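Going down the list, the protein sequences come from chains A and B.
For this note's numbering, count along the first sequence from 1 and bump the result up by 241.
For this note's numbering, count along the second sequence from 1 and bump the result up by 1.
Hints were generated in silico from the structure; no laboratory data involved.
You can take every hint at face value.
Here are the computed lysine to aspartate or glutamate pairs in the DMTMM-like style, where the Cα-Cα straight-line distance is at most 25 Å:
#: 1; chain 1: A; residue 1: Lys-252; chain 2: A; residue 2: Asp-376
#: 2; chain 1: A; residue 1: Lys-549; chain 2: B; residue 2: Glu-35
#: 3; chain 1: B; residue 1: Lys-70; chain 2: A; residue 2: Asp-416
#: 4; chain 1: A; residue 1: Lys-373; chain 2: B; residue 2: Asp-44
#: 5; chain 1: A; residue 1: Lys-458; chain 2: A; residue 2: Asp-645
#: 6; chain 1: A; residue 1: Lys-619; chain 2: A; residue 2: Glu-759
#: 7; chain 1: A; residue 1: Lys-372; chain 2: B; residue 2: Asp-14
#: 8; chain 1: A; residue 1: Lys-372; chain 2: B; residue 2: Glu-41
#: 9; chain 1: A; residue 1: Lys-255; chain 2: A; residue 2: Glu-415
#: 10; chain 1: A; residue 1: Lys-382; chain 2: B; residue 2: Asp-14
#: 11; chain 1: B; residue 1: Lys-66; chain 2: A; residue 2: Asp-543
#: 12; chain 1: B; residue 1: Lys-76; chain 2: A; residue 2: Asp-416
#: 13; chain 1: B; residue 1: Lys-66; chain 2: A; residue 2: Asp-521
#: 14; chain 1: B; residue 1: Lys-16; chain 2: A; residue 2: Asp-350
#: 15; chain 1: A; residue 1: Lys-372; chain 2: B; residue 2: Asp-44
Pairwise CB distance ranges (calculated):
#: 16; chain 1: B; residue 1: Pro-59; chain 2: A; residue 2: Asn-606; range: 52 to 60 Å
#: 17; chain 1: A; residue 1: Glu-798; chain 2: B; residue 2: Glu-3; range: 25 to 33 Å
#: 18; chain 1: A; residue 1: Thr-425; chain 2: B; residue 2: Arg-88; range: 29 to 37 Å
#: 19; chain 1: A; residue 1: Ile-406; chain 2: B; residue 2: Arg-160; range: 50 to 58 Å
#: 20; chain 1: B; residue 1: Glu-41; chain 2: A; residue 2: Glu-256; range: 31 to 39 Å
#: 21; chain 1: B; residue 1: Ser-28; chain 2: A; residue 2: Gln-353; range: 26 to 34 Å
#: 22; chain 1: B; residue 1: Ser-28; chain 2: A; residue 2: Ser-731; range: 30 to 38 Å
#: 23; chain 1: A; residue 1: Lys-676; chain 2: B; residue 2: Lys-16; range: 41 to 49 Å
#: 24; chain 1: B; residue 1: Asn-57; chain 2: A; residue 2: Thr-344; range: 42 to 50 Å
#: 25; chain 1: A; residue 1: Gly-305; chain 2: B; residue 2: Arg-160; range: 48 to 56 Å
#: 26; chain 1: A; residue 1: Glu-256; chain 2: B; residue 2: Lys-83; range: 40 to 48 Å
The structure displayed is predicted, hence computed values, not measured ones.
Yeah, the Cβ is synthetic: ideal placement off N, Cα and C, and Gly gets one too.
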Amino acid sequence: MMLTGAQILMKILKEEGVDTIFGYPGGAVLDIYDELGRTDIRHIMVRHEQGAAHAADGYARASGGVGVCLVTSGPGATNTVTGIASAYMDSIPIVVITGQVPTSLIGNDAFQEVDIVGITRQCTKHNYLVKKTEDLAGIIKEAFYLAGSGRPGPVLIDIPKDVAINRILYRPPEDIKLRSYNPTYNPNMWQISKVIKLIKEAKRPVIFAGGGVILSKASDELTEFARKLQIPVTTSLMGLGAFPGTDPLWLGMIGMHGTYRANMSTGACDLLIAVGVRFDDRVTGKTDAFAAQAKIVHIDIDPTSIRKNIPVTIPVVGDCKITLGHLIKQIEKEEIVDIGKKRKEWLQLVDQWKSTNPLAYSQKNIIKPQFVIDRLYKITKGEAIITTEVGQNQMWAAQYYHFDRPGHFITSGGLGCMGFGLPAAIGAQVACPDKLVVDIAGDGSIQMNIQEMATAVQHSLPVKVVILNNKYLGMVRQWQELFYGKRYSSTNMEYAPDFVKLAEAYGAVGLRASKPEEVESVFSEGLFNNKTVVMDFQVEQEECVYPMVPAGSPITEMLLV
Amino acid sequence: MEEEKYILSILVDNKPGVLSRIVGLFSGRGFNIESLNVAETTDFQVSRVTLITMGNAPVIEQIEKQLNKLINVIKVFNFTGKEFVEREMALIKVHAKSEYRAEILRIVDIFRCKVVDVGQDHYTIEVTGDKGKLDALLSLLMPIGIKEVAKTGIIALLRESDKKKI
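With the hints as extra help, turn the sequences into a complete structure.
Right, here's the structure in full:
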C-alpha cells in the first residue's frame with residue numbers, strides 16, 4: 242500500500258485510538274491538515290498554540306488517556322513550549338506533533354524554522370525529528386508508548402513538510418523494542434516486607450500521596466490501604482482526589498498552603514509513607530525539618546524522584562497501584578490485631594489539630610473568595626471537574642473544594658502556569674462532555690489565555706469560568722503584603738476588561754456578582770446550562786491565602802489567619 | 002559535603018542528539034564536565050561515552066539516575082571506587098630549536114612516547130597514559146615551549162575482576 246507521510250500519521254493515530262486533536266494549522270502542516278480533514282478525528286481549533294498544549298493536558302487528565310496536539314513549525318512550535326513544560330512537570334501524557342520546514346532547508350534559517358527538538362529537549366520525556374517517511378510510523382507508535390508508560394510525560398514529534406508529503410510503500414511498524422527503556426512496575430518484595438515491618442512498628446503513621454497515585458489509577462488501592470490500617474492521609478496539590486476529601490482520615494493538603502493538621506501531623510509522625518510524590522519545595526518547606534521525627538518510605542516509579550530532595554529510609558521503586566496492591570495483600574496475610582485501638586491516641590491528636598486551626602473565613606459585606614468556592618462546592622455537590630489557573634484562585638480551590646475522586650482537579654502544579662485553566666477546562670470538557678467543568682480563575686491569569694473563549698464557544702463547549710476578581714495579581718500581592726512591606730509593585734490589575742461584556746463579545750454568557758447575596762443566584766443561573774459562561778465575582782481585594790508557610794521555613798511554622 | 006572526581010562510562014544509542022541530552026543534564030544543573038570522550042563501540046548502534054565530573058555522592062547518585070532515565074541511555078557504569086584501567090592520549094606540538102632537540106628526544110624516550118611529526122623547528126609528540134603521566138610530561142616540556150596540545154579526554158574500562166562484581 243502506497244501512503245504519504247500524512248496518511249501514515251493519520252493511520253497510526255487512529256490505531257492508537259486518538260479521536261480528538263487540539264491544534265492550529267500553518268504552512269508546514271498543510272498536508273497533515275489536508276489529510277486530517279478526511280478523517281473522523283475531531284479537531285478542536287484553538288486560538289493560540291499554548292492553549293492547544295494545555296487543552297491536550299486537560300484532556301489527558303480528565304480522560305486518563307493520552308492528549309494530542311498538532312501545530313505548525315516555528316512560532317506554532319515555540320508557542321507550545323510552556324504547555325509542554327507544564328505537562329512535563331506534572332508527568333502528563335501528551336503527544337505534541339509539530340510541523341517542520343522541509344529536510345532540505347533544516348539548518349538554513351528558513352521561514353518559520355526553529356530547532357524545536359533542541360528547544361524542548363529538557364522539557365519532554367523524549368522527542369524526535371523524523372528524517373524519513375519510512376521512520377514515521379514506528380516513531381509515532383513509540384511516542385505514544387513512551388508518553389503513557391512508566392512515569393508519563395510529553396513526547397514531541399517534529400515532522401518536516403517533505404516527510405509528510407512523500408509517498409512510500411507502507412509497512413506496518415514492528416513491535417516497539419527499546420532496550421534502553423524498561424520502567425520498573427513491580428516492586429522488590431524484600432522492600433515490601435521491610436515496609437510492612439515499619440508499619441507494624443509505627444505509632445504515628447501518615448500517608449502522603451501525590452499525583453503518581455492518580456496517574457497510576459491507584460486511588461482505590463490507596464483508600465483501601467489507608468482505611469485498613471487507619472492511617473491518616475494528606476496529599477500534595479497534584480494528589481487531590483487520590484483519597485476522598487470527605488473521609489474522616491483525610492487531613493487536607495500538605496505544604497505551603499496546606500491545612501494546619503496536615504502540616505502538624507507530618508511534623509509529628511514517626512512514619513511517613515510517601516506514594517507517588519517528588520517532595521517539591523512547596524510541600525517540604527525547610528527540608529531538614531520536614532517530617533524530622535519520621536522514618537520515610539517512598540514509593541515511586543521514577544528512581545530519580547527518590548532521595549532527590551529528602552533522605553529516605555526505605556525506597557520502593559515501582560508502580561503505585563501494583564505496590565499498594567502488594568502491601569494490601571501482605572497486610573491481609575498478617576494478622577494486624579486491634580488496629581483501631583492502636584491508632585486511637587494518634588487519631589485523637591490529629592483530630593485535635595483539626596479543630597485548633599481549621600480553614601476559615603468570615604463572610605461580611607464584601608464577597609470572600611473562599612465563600613465563592615465553598616458555595617460552588619455545595620451547589621455542584623462536589624461533582625464538578627475543577628480546573629484552575631495559578632495563584633490564590635488555585636489555592637482556594639484546593640482548600641475549599643473537596644475532591645472525592647481522581648481526575649476531578651486539574652491544575653498546573655509543578656510549573657505553576659497562569660493561563661492553564663481555561664484551555665485545560667476545554668480539554669476536560671471534550672473528554673467528558675456530560676460533566677460540569679469549571680475553571681476557577683483569577684482576574685490576572687484568565688487574561689493569559691482568554692482568547693480560548695472563542696474556542697469554547699465555537700465548539701459549543703459549556704465550560705464555566707469562575708473569576709475571583711480582586712483586581713490584583715493576588716498571590717504576588719500577598720507576598721508583597723507579607724514580606725515586602727506592602728509595596729505593591731506592578732500587581733495592581735485595575736485595568737482589566739469588563740469580563741461580562743467580554744464574555745458576551747465572544748458569544749458566551751457573562752454574569753456578575755458584586756454582593757454576597759448575589760453569589761447564589763449567579764451560580765444557579767450560570768452553572769446548569771449548555772452555554773459557555775463567565776461568572777465575574779467581585780471579591781475582597783486584599784484577602785490572603787492562609788495558612789501560609791513562608792518559603793524555606795519548616796511547614797509546622799505557619800502563618801495563620 | 003566533599004566534592005570528588007567521578008568517572009562515568011555510559012553506553013548510549015548511536016543517534017543524533019543523544020550527546021546533547023546527556024550534556025544538557027549537566028548544564029541544566031550547573032555542573033561542569035571535566036572531560037568527555039565519545040566513540041562507537043563494536044556495535045555500530047551503540048556508543049560509549051566516558052565522562053568525568055566533580056560532585057558529592059548524592060549529586061552523583063542523582064546524575065546516574067537522571068542519565069538512566071534518558072530514553073537513549075542503555076547503561077551507566079560508575080567506575081569510582083572500582084578497579085579500572087584509564088588512559089588518555091595527547092598530541093603535543095613543541096618548539097624544537099636545535100639546542101633543545103636532543104633534550105626533547107631524551108624526554109620522549111623516558112616517557113616512551115613517539116614523535117609523529119617533525120619540522121625545522123617543531124616536534125609533534127604522541128603520548129598515551131594516565132593523567133599523572135601526561136601532566137608530568139607537559140610540565141617537563143613547558144619550559145622548552147609548547148605550541149599546541151590536543152587531548153582525547155580520559156577513556157576507561159573496568160578491570161575484568163571488578164566487572165563481575167557489578
